[in-house]
Amino acid sequence: MSRRSRVASLLILAGAVVVACAKSPAPAPAPAPAAAPAVDSTRIRDSLANAKRMADSASAERERQAAAVAAARSSLVAKVFFDYDKADITDQGKAILDAKVPVLSTNPGIRIRVEGNCDRRGSDEYNLALGQRRAAAAKRYLTDHGIDAARIDIISYGAERPVAEGDGEDAYSQNRRDEFAIVAGGDNLKVAAQ
Amino acid sequence: MIALAAPAMAQDTTRQGVHIGLNYQPGTKPGVLVLPIAGAGGDSAHTIIQRDLDFADAMNVITGIDQGIGDAAVNFPLVEKLGAAAVVQASLTPASLHIIVYDVAKKRVLATRDFAIPATPGNADWRMVVHDASDWVQQAITGSRGIAATRIAFIRDGQIYITDTDGADTRPVTQKGGGPLSPQWHPTGRYLTYSFFAPRGTQIAVLDLTTGGARALSATPTGLNSTPAFSPDGNSIVYTHGDEDGTDLYLVPAFSSDPARRITVGHGTDNTQPTFSPDGRRLAFTSGRSGHPEVYIVNIDGTEPDLLTPFQFGDDIYRASPNWSPDGRLVAFESRVNGRFQIETIALRDRTVRQLTSDGINEDPKWAPDSRHLVFTSNRTGVRQLFILDSESGRTRQLTLGGPARLSAWSRSLGSP
Chain A
1339 MSRRSRVASL LILAGAVVVA CAKSPAPAPA PAPAAAPAVD STRIRDSLAN
1389 AKRMADSASA ERERQAAAVA AARSSLVAKV FFDYDKADIT DQGKAILDAK
1439 VPVLSTNPGI RIRVEGNCDR RGSDEYNLAL GQRRAAAAKR YLTDHGIDAA
1489 RIDIISYGAE RPVAEGDGED AYSQNRRDEF AIVAGGDNLK VAAQ
Chain B
11 MIALAAPAMA QDTTRQGVHI GLNYQPGTKP GVLVLPIAGA GGDSAHTIIQ
61 RDLDFADAMN VITGIDQGIG DAAVNFPLVE KLGAAAVVQA SLTPASLHII
111 VYDVAKKRVL ATRDFAIPAT PGNADWRMVV HDASDWVQQA ITGSRGIAAT
161 RIAFIRDGQI YITDTDGADT RPVTQKGGGP LSPQWHPTGR YLTYSFFAPR
211 GTQIAVLDLT TGGARALSAT PTGLNSTPAF SPDGNSIVYT HGDEDGTDLY
261 LVPAFSSDPA RRITVGHGTD NTQPTFSPDG RRLAFTSGRS GHPEVYIVNI
311 DGTEPDLLTP FQFGDDIYRA SPNWSPDGRL VAFESRVNGR FQIETIALRD
361 RTVRQLTSDG INEDPKWAPD SRHLVFTSNR TGVRQLFILD SESGRTRQLT
411 LGGPARLSAW SRSLGSP
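Line by line, the protein sequences give chains A and B.
Just so you know, the working numbering puts the end of the first sequence at 1532, numbered straight through with nothing missing.
Just so you know, the working numbering puts the end of the second sequence at 427, numbered straight through with nothing missing.
Chain A extracted, bound-state conformation (with noise of 0.2 angstroms):
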């Protein structure tokens, strides 16, 4: 293999990393490397380690990229939890709710379920009409900050599906959340600009 065809298959090899980077959805695809007529031993070192540049720097925006969409992902699905036998938001479960907001207007196609869940004190079937305030509080919290009504169901499961078993309050306090489940759009999350 001749030098030249060897510098050629080497920028033909950083384009397609370029271009493998660039099907992530990046913000701002970088440029293609301009092809290099004339090439010097100098120019082919700095071509070889700006390839690499832009290789590294793919990769780490890749990794920015799937953090950031994994903090999306895990806002959207955060927990909002109630006090006793109550179905207020508190200013902790509006935080919450507060950073799902912008994810949820990001991405269009994201329908959720919020389910709704008590602790195991009191009349089981009682829950089942608490678990429902729960959710529809949530759900009204996120409708009042712009989210179309129609992209969220809500659901309660009462008592019926604890996260965590025995008595006391700390497994009471787990127990007595809305949670979020994505039931369909979930699979292309998109970050907000920042």
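It is worth saying that the hints were derived from the structure and are not from the lab.
One thing to keep in mind: the hints can contain errors.
Dumping the calculated DMTMM-like pairs for lysine to aspartate or glutamate here, alpha-carbon to alpha-carbon at most 20 angstroms [to be verified]:
hint: 1; chain 1: B; residue 1: Lys-186; chain 2: A; residue 2: Glu-1498
hint: 2; chain 1: A; residue 1: Lys-1424; chain 2: B; residue 2: Asp-255
hint: 3; chain 1: A; residue 1: Lys-1424; chain 2: A; residue 2: Asp-1486
hint: 4; chain 1: A; residue 1: Lys-1417; chain 2: A; residue 2: Glu-1401
hint: 5; chain 1: A; residue 1: Lys-1417; chain 2: A; residue 2: Asp-1508
hint: 6; chain 1: B; residue 1: Lys-186; chain 2: B; residue 2: Asp-218
hint: 7; chain 1: A; residue 1: Lys-1424; chain 2: B; residue 2: Glu-254
hint: 8; chain 1: A; residue 1: Lys-1424; chain 2: B; residue 2: Asp-218
hint: 9; chain 1: A; residue 1: Lys-1424; chain 2: B; residue 2: Asp-326
hint: 10; chain 1: A; residue 1: Lys-1432; chain 2: A; residue 2: Asp-1486
hint: 11; chain 1: A; residue 1: Lys-1417; chain 2: B; residue 2: Glu-254
hint: 12; chain 1: A; residue 1: Lys-1432; chain 2: A; residue 2: Glu-1517
hint: 13; chain 1: A; residue 1: Lys-1432; chain 2: B; residue 2: Glu-254
For this one, chain A is given, so just place chain B on it according to the hints.
Leaving out everything else, chain B in the frame of chain A:
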């Protein structure tokens, strides 16, 4: 029925060789002696009848007497000495259970009846006929029909189970899945209505125990639909429906697809757990409209909502799970007492409240057809199980064994009238 006017003579519980059944109010409960029963399955029938009459808490069952009482002719002087006000003599043939009840004081037959009975002693249908006979015996002696020929439905391990009142024939009647809750009987005993989890909410189903087929009510297909109850005439179901603005009670025909009619107006609060008055004209239900759960009453058309349980201010107030007694006089419910739920009753007439339990956490009381016994859920032995309580004497027995059980419902009499 009778007039065993003179209740049983004062009973000497120390008489040797004679055990007098549990006796809370000596002198007020007639003694009854069930003679050994001849024929295939006779021993089993004898045991069942004695136990049924004992569980009914209305008579003192005299046991431990096997001989010398007379098979053909009842030895009245002897049984009178033993404290029996009535003697039950039964015989079994392959097709029939023949029963004679004697009035000891008058030394004559009080009542007699033949019950058609399946040929296979011990199976569920055979046992139900024996229970029916027990209930008839009780009616002949005390004037009040017994509750042995009934069944109790409950939730265990994500399925609906039913069991006889003596714990026999306990079996699931639904498949696994769907998380059914809140089974309630149709007055005929043929159907159960209950809620189950569907992908986009909770739905109400009607299960036909005869065919095994289940049908979902379609009047309110989304949101929360829970705690259904058949009306006393069996034609309607009242249940809780809510979506995003609280839950309210709705009335719907039980066996058609007609639309539902809203009953309560809860303004965004929880309104759930309806239970019919025996005349079908009113409902008791749980509402959080005052800020915490309390029991209310409302007319079936939604008019005259009224707080039933005495309102108290405080953090610890929580009253729920009302169940109206079949005689119309009492509503049983669960109430938090010192941080733990207990079974209480409130009288419709003067709103007198009685606390009936204190051991463990006790919830979800449901009346037996006699308006005297209650089945409820208790964790007093560790896991939740069903117990039956005699509200007059306080006598309590455990009904279920095995996996945790809860959310019970007591059928009406399944026997012959």
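Quick rundown of the hints versus the structure:
1. B:Lys-186 / A:Glu-1498: 15 angstroms, holds
2. A:Lys-1424 / B:Asp-255: Within the cut-off at roughly 15 angstroms; holds.
3. A:Lys-1424 / A:Asp-1486: 25 angstroms, violated
4. A:Lys-1417 / A:Glu-1401: 25 angstroms, violated
5. A:Lys-1417 / A:Asp-1508: 16 angstroms, holds
6. B:Lys-186 / B:Asp-218: 17 angstroms, holds
7. A:Lys-1424 / B:Glu-254: 15 angstroms, holds
8. A:Lys-1424 / B:Asp-218: 38 angstroms, violated
9. A:Lys-1424 / B:Asp-326: 13 angstroms, holds
10. A:Lys-1432 / A:Asp-1486: Answer holds: Lys-1432 of chain A to Asp-1486 of chain A is near 18 angstroms, not above 20 angstroms.
11. A:Lys-1417 / B:Glu-254: The hint holds at about 19 angstroms.
12. A:Lys-1432 / A:Glu-1517: Holds: Lys-1432 of chain A and Glu-1517 of chain A sit about 14 angstroms apart, inside 20 angstroms.
13. A:Lys-1432 / B:Glu-254: 18 angstroms, holds
In the structure shown, a violation is registered for the earlier hints numbered 3, 4, 8, in ascending order.
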